[in-house]
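Colleague: Sequence:
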Amino acid sequence: MLIAGFPAGAWGTNCYLVAPAAGEECVIIDPGHQATEGVAETVRKHGLKPVAVILSHGHIDHVASVVPVCGAHDVPAWIHPSDRYMMSDPGKGLGRSIGTPLMDGITIGEPSDVRELTDGARLRLAGLDFTVAHAPGHTKGSVTFGLPEAAGGADIPPVLFSGDLLFAGSVGRTDLPGGDHDEMLESLARVCLPLDDSTVVLSGHGPQTTIGRERATNPYLRDVAAGLGRGQEAAPRRGM
1 MLIAGFPAGA WGTNCYLVAP AAGEECVIID PGHQATEGVA ETVRKHGLKP VAVILSHGHI
61 DHVASVVPVC GAHDVPAWIH PSDRYMMSDP GKGLGRSIGT PLMDGITIGE PSDVRELTDG
121 ARLRLAGLDF TVAHAPGHTK GSVTFGLPEA AGGADIPPVL FSGDLLFAGS VGRTDLPGGD
181 HDEMLESLAR VCLPLDDSTV VLSGHGPQTT IGRERATNPY LRDVAAGLGR GQEAAPRRGM
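Counting from 1, one number per residue, gives the positions in the sequence shown under the UniProt record's numbering.
Simulated from the structure, these hints should not be mistaken for laboratory data.
Since we're looking at a predicted model, the values are computed, not measured.
C-beta: ideal position from N, C-alpha, C; glycine also.
Heads up, some of the hints might be wrong.
Unchecked claim - Taking lysine to any residue pairs in the SDA-like style, the calculated list, with each CA pair at most 25 angstroms apart, reads:
hint, residue 1, residue 2
1, 92, 176
2, 140, 33
3, 140, 157
4, 45, 5
5, 49, 71
6, 49, 7
As the list claims (entries may be wrong) - Pair by pair, the computed Cβ-Cβ distance ranges are:
hint, residue 1, residue 2, range
7, 71, 208, 25 to 31 angstroms
8, 74, 46, 15 to 21 angstroms
9, 92, 148, 31 to 37 angstroms
10, 23, 92, 38 to 44 angstroms
11, 76, 206, 24 to 30 angstroms
12, 68, 182, 35 to 41 angstroms
13, 175, 81, 30 to 36 angstroms
14, 227, 112, 45 to 51 angstroms
15, 116, 45, 15 to 21 angstroms
16, 12, 189, 39 to 45 angstroms
17, 113, 40, 16 to 22 angstroms
18, 131, 222, 22 to 28 angstroms
19, 40, 180, 35 to 41 angstroms
Put together the whole structure using the sequences plus the hints.
Modeller: Shown next as structure tokens:
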């Protein structure tokens, strides 16, 4: 399996291209701010053919390039319905104090083909089976995408594209519109805790990690596993 990722734009949002191998069809995950050229370069480098864009949530740092990327490759974009409104009005997902000045003069719309994700759905794309898990907390429509161990062969561990749910050492912020700390903790417990320690976590920002490492060191995941209620709200959090 080929996973090629790069941090895009001022927010350093990780955009991933996933394919069974070089020279084959691929899926693009979270083409955010200024990701268009990075996507094009990665496609050229590995001889890939994009077949879909899938979005972990609707914040502008994850969807800003979805229209040009989908248009360039004539592919659909998938997003959870609770976050779809942010594709055409991303300022609403940031609140007035952040969204109004940030979005001044910027126009973003939906691509021509938008499809909606549901919890538990299995997406067969580019010869790979992605499992969708609804994971609210950072936004109402946040999701993760899981690839089982078999996707990359017996010697390759399972992968979780966690969006802004789980990071190395932290979790997504919950203080923007649609964010909810209690929902974040519930999503961590339901989506992340059952996964095998070997699962590789590729998040929306920052370096890769594993479920085992986060189970042992991440203050949020550790507290959720211990049943400590609201967790550490004062600990650092990430994401737009």
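Colleague: Just pull the numbers of the violated hints for me, sorted ascending.
Modeller: 3, 13, 15 and 16
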